[in-house]
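Generate coordinates for the entire structure from the input sequences, incorporating the hints supplied.
Given next are the chains, with one letter for each unit.
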Amino acid sequence: MALLSIDQVSVAYDKVEAVRGVSLAIEPGQIVTVIGPNGAGKTTLLGAAIGLLPWRGRMSFDGIDLRRLDVEARIERGFCLVPETRELFGDLSVSDNLLLGGYSRRRDSAGLKQSLADVYKRFPRLDERRNQKASTLSGGERQMLALGRALMAKPRLLMLDEPSLGLAPIIVREVFKIIASLRELGVSILLVEQNARAALETADFGYVLETGEIVHSGAAADLMHDPRVTASYLGGH
Amino acid sequence: MNGEIAAILAMDGIASGAIYVLIGLGLVLIFAVTRVIFVPFGDIAAFTALSLASLETGGRPGTVGLVAVLAVLATAVEAVALVRNRAFHRLPRALLFYLVLPLIPAAAVWFAAGTTFSMPVRIVLSLALVLPIAPLLDRIVFRPIADASVLLLLTVAVALHFALSGLGLMFFGPEGVRTKPLTDAVFDVAGLIVNGQMLLILAASIVFCGLLFLYFEFTIQGKALRATAVNRVGARLVGIRPTSTGTIAYLLASLLAGISGVLIAPVTTIFYDSGFLLGLKAFVGAIIGAMVSYPVTALGAVMVGLLESFTSFWLSAYKEVLVFSLLIPVLLWRSLAFAGTEEEEAEE
Chain L
1 MALLSIDQVS
11 VAYDKVEAVR
21 GVSLAIEPGQ
31 IVTVIGPNGA
41 GKTTLLGAAI
51 GLLPWRGRMS
61 FDGIDLRRLD
71 VEARIERGFC
81 LVPETRELFG
91 DLSVSDNLLL
101 GGYSRRRDSA
111 GLKQSLADVY
121 KRFPRLDERR
131 NQKASTLSGG
141 ERQMLALGRA
151 LMAKPRLLML
161 DEPSLGLAPI
171 IVREVFKIIA
181 SLRELGVSIL
191 LVEQNARAAL
201 ETADFGYVLE
211 TGEIVHSGAA
221 ADLMHDPRVT
231 ASYLGGH
Chain F
1 MNGEIAAILA
11 MDGIASGAIY
21 VLIGLGLVLI
31 FAVTRVIFVP
41 FGDIAAFTAL
51 SLASLETGGR
61 PGTVGLVAVL
71 AVLATAVEAV
81 ALVRNRAFHR
91 LPRALLFYLV
101 LPLIPAAAVW
111 FAAGTTFSMP
121 VRIVLSLALV
131 LPIAPLLDRI
141 VFRPIADASV
151 LLLLTVAVAL
161 HFALSGLGLM
171 FFGPEGVRTK
181 PLTDAVFDVA
191 GLIVNGQMLL
201 ILAASIVFCG
211 LLFLYFEFTI
221 QGKALRATAV
231 NRVGARLVGI
241 RPTSTGTIAY
251 LLASLLAGIS
261 GVLIAPVTTI
271 FYDSGFLLGL
281 KAFVGAIIGA
291 MVSYPVTALG
301 AVMVGLLESF
311 TSFWLSAYKE
321 VLVFSLLIPV
331 LLWRSLAFAG
341 TEEEEAEE
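First to last, the protein sequences are chains L and F. Just so you know, the first sequence maps onto residues 1 to 237 in the numbering used here. Just so you know, the second sequence maps onto residues 1 to 348 in the numbering used here.
For the record, the hints were derived by calculation from the structure and aren't laboratory data. Treat each hint with caution, since some may be false.
[Said to hold, decoys possible] Just so you have them, the derived chain F footprint on chain L, three or more residues with Cβ under 8 Å:
1) 75-83
2) 90-99
3) 103-115
[To be verified] Derived list of chain F stretches under chain L, where covered just means 3 residues or more per stretch with a C-beta under 8 Å from a C-beta of chain L:
4) 20-28
5) 235-247
[What the hints assert, rightly or not] In silico contact screen, one side only, chain L against chain F (beta carbon under 8 Å); selected entries:
6) V71
7) E87
8) R149
9) D204
10) G235
Only a predicted model underlies this, so the values are computations on that prediction, with no experimental measurement involved. Built from N, CA and C at the ideal position, the CB exists for glycine as well.
So, in structure tokens, the structure goes:
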């Protein structure tokens, strides 16, 4: 059974439909990417899936109808989002941001301690800056903090919105390496990216979203060589 | 004016400032977490004083009726919302939180009417009676419009204040009260007479500021409150329910207001509508702290107390005028000195 199943979902802002009849599925342990140009509705789709935007259609996580879960209940069940805007707690220290990332597991203090140690091991930069306010971090560090904060919730499915946006190429490579390594933790990932090449290299399966609709889908390796995809998103190579 | 009078006025000012500190911190706390400028907040302090006075004479405080009405209303609102969402399994919990828990202290006081309790029991009972009022009002009035603009929330809060002082008149009557002093101790410090009540006010204010600081710095719930204040979407994305942190903020703030009510009752005559002015003066302090900074709010509140004390000596007729005129230079200074910071914050 798919971990996340999205079936004929539409999302509208007032009367404008930003997402129309989108269907996709993520199996446990999979990395799935949704690529597409700016304004295609990628962020909107994630916002609806996490419960921040109203939507029509059918969505379920781990077999539970998502209509019955609010945002906080999704997080408690290990369905998490790292939004494009990161949404860090700027006034709070790095360590407080991480600690709050584990808010949904606050009664498991031993587990949280372990997760915090794991996050610091994965992101040594965060360890160095643990007492600094989140608002003083660089763009790359913020992205790492956002990822680390989400990992503290012990996610089973992590949705990442443009994790490489605004980052220097060397840091982009590092971020994608980290994403690929999350698979070893058993975390499934829904990756939304404009950087189509890096996304397809990391993912198992891909969808192409254009003006609110899925226009192509397939195994990531096949999409990489699909002329319709290479022409539009991979610079024609 | 000589040095001795100045010292007495300063002490007096710091003592009333300490009261405003507690109320001001509560106002900032509620605003930061819920974006509501809770105008009826001073009323919570006044109702505590009135309840305490009523318990002193072995009467039934009006708070019992007030809490009962609010608890029934809040339970009805919550039940309708749950039934509409088909979340029937959450009904028992809602009954416990909105009906049973708030009514326990009210029922205790109701059945014990006529008995006179010892002072500590009276204080604890009146605090317990008053604590549910603000969270219940939050459930009835503010939660359905939680996403509205700050201005709309403020307008509703003003209306709520008028409704609440009407209910206050109904439940407490028009008479003013003054409770027995908490202590009769008098100290002689370097030739100055310092009464124990004043020291108690100061000590309570310092202790509760300290506790609040520890709560925010060292507990996950306290950090969750700060996180909600800093970034509501971010808070939801880590699983913090803004409705829960809102309830905690209202409870904590009510505790601060209740304590200030207990402290002020023996030194000032309190009427059903005395809360408004108390709240307004604390609000001046909170504005000095720009509704975000706890330490600056505390400083501002002490400043308001001092200004009030000295102007009541020199120009007692203009006491309130001068205190509230303080807002004008403060707002001017804030808008000039801090122009641009808001845009920076928005970028985060």
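Results of checking the hints against the structure:
1. With 5 residues bearing a CB less than 8 Å from a CB of chain F, the stretch 75-83 of chain L meets the requirement of three and the coverage assertion stands.
2. Here's how the stretch 90-99 of chain L fares: 5 of its residues keep a CB closer than 8 Å to some CB of chain F, so the rule of at least three is met and the hint holds.
3. Coverage of a stretch by a chain is defined here by at least three residues with a beta carbon nearer than 8 Å to that chain's beta carbons; for the stretch 103-115 of chain L and chain F the count is 3, and the condition holds.
4. Using a Cβ-Cβ cut-off of 8 Å, 0 residues of the stretch 20-28 of chain F lie near chain L, which falls short of the minimum of three, so the contact claim is violated.
5. Taking a C-beta to C-beta cut-off of 8 Å, the stretch 235-247 of chain F contributes 7 residues in contact with chain L, enough for the three needed, and the coverage statement holds.
6. Interface restraint check for V71(L): the shortest CB-CB distance to chain F comes to about 5 Å, inside 8 Å, so the restraint holds.
7. Checking E87(L) against chain F: minimum C-beta separation of about 4 Å stays under 8 Å; hint holds.
8. A cut of 8 Å between beta carbons decides the hint on R149(L): the least distance to chain F is about 7 Å, and the hint holds.
9. The interface hint given for D204(L) is broken, as the beta carbon of that residue sits about 25 Å from the closest beta carbon of chain F, more than 8 Å.
10. With its C-beta approaching chain F no nearer than about 32 Å, G235(L) sits outside the 8 Å limit, and its interface hint is violated.
Against the hints set out earlier in the document, violations occur for numbers 4, 9, 10.
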